[in-house]
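Numbering-wise (this note's numbering), the sequence shown opens with residue 5 and increments by one.
It is worth saying that the hints were derived from the structure and are not from the lab.
Cβ atoms here follow ideal geometry from the backbone N, Cα and C, with glycine treated the same way.
Where hints are given, some of them may not hold.
What the hints assert, rightly or not - Here are the in silico distance ranges between beta carbons for each label pair:
no. : residue 1 : residue 2 : range
1   : SER33     : THR87     : 18 to 28 Å
2   : ILE84     : VAL44     : 19 to 29 Å
3   : ILE92     : ILE17     : 29 to 39 Å
4   : THR34     : GLN66     : 42 to 52 Å
5   : SER33     : LEU9      : 34 to 44 Å
6   : LEU13     : ARG70     : 16 to 26 Å
7   : GLY69     : LYS6      : 18 to 28 Å
8   : THR68     : PRO95     : 30 to 40 Å
Claimed, not checked - Here are the simulated DSSO-like cross-link-like pairs (lysine-lysine), alpha carbons at most 27 Å apart as the crow flies:
no. : residue 1 : residue 2
9   : LYS7      : LYS63
10  : LYS7      : LYS67
11  : LYS10     : LYS67
12  : LYS10     : LYS63
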Amino acid sequence: MKKGLKIGLFVGIIAGVAGILLNILIGASTGLNFEQINPVSILIASIVSNLIGAIIFIKWLQKTGRPALNYIMLTAVVTILLTLMDTISPPAPKFWIMAYPLHLVVALFSIFLIPRWLGDKRESTTQAVSG
Numbered sequence: 005m006k007k008g009l010k011i012g013l014f015v016g017i018i019a020g021v022a023g024i025l026l027n028i029l030i031g032a033s034t035g036l037n038f039e040q041i042n043p044v045s046i047l048i049a050s051i052v053s054n055l056i057g058a059i060i061f062i063k064w065l066q067k068t069g070r071p072a073l074n075y076i077m078l079t080a081v082v083t084i085l086l087t088l089m090d091t092i093s094p095p096a097p098k099f100w101i102m103a104y105p106l107h108l109v110v111a112l113f114s115i116f117l118i119p120r121w122l123g124d125k126r127e128s129t130t131q132a133v134s135g
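Put together the whole structure using the sequences plus the hints.
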C-alpha cells in the first residue's frame, strides 16, 4: 500500500504540474482566468484523484485479471462525469475552455503512469488498450 500511495502522490504531482502549465498556457492564449481554477486547486485535485486511483488500482491488481483495463475504464468514466458536471452547471461562462483540457491531462497521466509504475506484470496499459 505504501508503494501505491507514493506512486499516486508522484503521479498526482506530475499531472498537477502539467495541469498548471496548461492552465497558464490556456489563460495566456484566451485571456480567461477563473478563481476556481488556480495552481493550488489544480495540484490538490490532481494529487487527491491520483491517490484514490492508485489505491483502487492496487485493490484491482490483487483481485482482478485485468486491472489496467478496469482502471482505464474507471478513469474515463470519472473524467466524462466531471466534464458533464462542468457542462451542465458551469460556475462561470466559458469555464469549459479551461476545465475540459485539465480533466483530460490529469486523466491521461493517471491512465498511463499508475498501471505502469505500480508494476502490473500481467497487463500493461498498451496491452489493455489494444485488447
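- Has the hinted range 34 to 44 Å been met by the Cβ atoms of SER33 and LEU9? For LEU9 against SER33, whose Cβ atoms are near 36 Å apart, the range 34 to 44 Å holds.
- Task: For the range 19 to 29 Å, tell me whether the beta carbons of ILE84 and VAL44 fit it or not.
- Result: holds (25 Å)
- Message: Given the hint of 42 to 52 Å, is the C-beta distance from THR34 to GLN66 inside that range or not?
- Response: Since THR34 and GLN66 have Cβ atoms about 44 Å apart, the given range 42 to 52 Å holds.
- Message: Against the 27 Å threshold, does the CA-CA distance of LYS10 and LYS67 hold or violate the hint?
- Response: holds (21 Å)
- Regarding GLY69 and LYS6, is the given constraint of 18 to 28 Å on their beta-carbon distance met? holds (25 Å)
- Is it true that the CA of LYS10 sits at most 27 Å from the CA of LYS63? holds (15 Å)
- Item | Range hint compliance [Cβ, THR68 to PRO95, 30 to 40 Å] | With Cβ atoms ~37 Å apart, the hint holds.
- Query: Would the pair LYS7 and LYS63 pass a check requiring their Cα atoms to be no farther apart than 27 Å?
  - Reply: holds (13 Å)
- Is 18 to 28 Å right for how far apart the beta carbons of SER33 and THR87 are? Because 20 Å falls inside the window, the suggested range holds.
- At the C-beta level, are LEU13 and ARG70 separated by a distance inside 16 to 26 Å? holds (25 Å)
- Do the beta carbons of ILE92 and ILE17 sit within 29 to 39 Å of each other? Distance hint for ILE92, ILE17 holds at roughly 30 Å.
- Are the Cα positions of LYS7 and LYS67 separated by 27 Å at most? holds (17 Å)
No hint from the list above goes unmet by this structure.
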